[in-house]
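All chains should be built: construct the whole structure from the sequences, respecting the hints.
As they're listed, the protein sequences go chains G and H.
Counting from 1, one number per residue, gives the positions in the first sequence under this note's numbering.
Counting from 1, one number per residue, gives the positions in the second sequence under this note's numbering.
Hints in this document: simulated from the structure, not taken from any laboratory.
Remember, it's a predicted structure, so these values are computed and weren't measured experimentally.
Any given hint could be a false lead.
Below, computed lysine-lysine pairings styled on DSS-like, alpha-carbon distance capped at 30 Å [stated by the list, open to error]:
no.	chain 1	residue 1	chain 2	residue 2
1	G	Lys216	H	Lys177
2	G	Lys147	G	Lys81
3	G	Lys57	G	Lys167
4	G	Lys133	H	Lys177
In case you want the letters, here they are:
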Amino acid sequence: MGIIKTDKLVFEYIRRDEEGNVEGITRAVDEVDLDVAQGDFVAVLGHNGSGKSTLAKHINAILYPSEGTVWVDGMDTAEEKNLWEIRQNAGMVFQNPDNQIIGQVVEEDVGFGPENMGVPTAEIWERVEESLKAVGMYEYRRHSPNKLSGGQKQRVSIAGVIAMHPKCIILDEPTAMLDPNGRKEVIRAVRALNAAENITVVLITHYMEEIIHADKVFVMDQGKVAMEGTPKEIFSRVEELKELRLDVPQITLLAYELQKNGLQIPAGILTTEEFVEALTCL
Amino acid sequence: MSLILDHVNYIYGGDTELAVHALRDVNLKIPDGQFIGLIGHTGSGKSTLVQHLNGLIKPTGGAIYFNGEDIHEDDFDKKKLRSKVGLVFQYPEHQLFEIDVFSDVCFGPKNLGLSRKEVELRAYEALKQVGLEDEFFYQSPFDLSGGQKRRVAIAGVLAMKPDILILDEPTAGLDPKGRDEILDRIAMLHKTMGITVILVSHSMEDVAKYVERIIVMNKGRVLYDDMPKEVFKHYKELEQIGLAAPQVTYIMQALKARGLPVNTEVTTIPEARDEILRIYGKHA
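Written as structure tokens, this is what we have:
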């Protein structure tokens, strides 16, 4: 069993009108089977309302399955006794950096998690230091978080999660509010954590370019996994993705357009190097 | 309905040690009917700038003229300015509040003191302009999808019949299709109604695709103000200030470095496709 596993996960919620009468039931996640190995970098794509955030919230037990089971590091998330250990092992980073920073000083914010876990003070400081170094924010440790840029704030949020020494980290559109540089900084930090620390990463995003290095991509639609495969396999299916309100990286789209117009280029090109190579071979 | 910014400066916290010079000597002319992209990294002064355009912030130096009138003169009608220069903030759906979609869009024009008939006519028209189907009009705005909510919020500003529409990152958090739908709508409004649009964006690809002029802000100054292909020629400088060129620019630069005689000025996918096909002697 992988670090994250779901078996026929279903999540339903009841819609009510203003008087509280039941209007209907929405199935936000519909029989999803996932198996993510320790150390994998997994991306989840899907249009707004496809169920990807609802799925993510099951991984650190913010939500519990209506049917089926979710295991994190072998622990069933539906069992209350596992709650704290699961939350510690699966850290979550959200979209808006301003909603998840609470400390007055960067290092204080990062220390909040381990302090709540009852980690001894000396070790908290060690963890704060290594976490901030891992995301390249150590030199800002004495700064006030509200003076940082969006990308810097998100990296502090990520440091706050890794200070709890999780086995996996789930990022729900962490770059949606950032400028190009901020997006690059955050993705670089996440990739480094995955490569150097072997932390499992689940990245939810609407930016197709951010996931070309992922080990595996899941595409959600109407609560189900509609497609799964490597980035190359997924992004070779341009028309299907567009039908699911998604897109492919710009370079993949350009290669696809050229292919449609008769140039002999392979499908699923993901990087400029591959593209230049394919063109100069013609 | 032109807007002119003449040596605009804005300093906040001016009499304290923490004074920040948010805008420095900004000179801009926004003529009728342009589609303008406003880019700059977080904290570069973009939002401060747009809040000056409809008089939400008063400059600490310099002046702003709307149709030749100084907007901070005592006898200037600011209420009218705010209906003429419509500002759609980031995540505008957070500002929806009425019980149904139609009432929400009516709120703006109602406050202009128009007759009920005129208010409803405008709301109907605005909702049509953003492409929302009739079936949603009497639903709670909170039951709509993210993209739909955002369209309702934009309709609320359009119902004021602005001459200038400013949108602060209207596509943040939307899926790729939702992003295209909103921007295509805005481009159509610009084309059919001749409305001036100022699009604040972090997506260089979107800016390259839609706008005719780009204003680049850095540290409170206007760094570049030109056509997209001219601005993106400075892609190295843009990177230094936390921005980038569209990905197509990098692709074309890489091809050129490998000896292919491509025009590196192209910035959009269709342009790049045609340029590469030209090199290989094919036509799209």
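Structure-based check of all given hints:
1. G:Lys216 - H:Lys177: Distance ~22 Å between G:Lys216 and H:Lys177 Cα, so the pair holds.
2. G:Lys147 - G:Lys81: Violated, at roughly 39 Å.
3. G:Lys57 - G:Lys167: 16 Å, holds
4. G:Lys133 - H:Lys177: Not satisfied, since the Cα-Cα distance of roughly 37 Å exceeds 30 Å.
Violated hints, listed in ascending order, are 2 and 4; each of the other numbered hints is respected by the structure.
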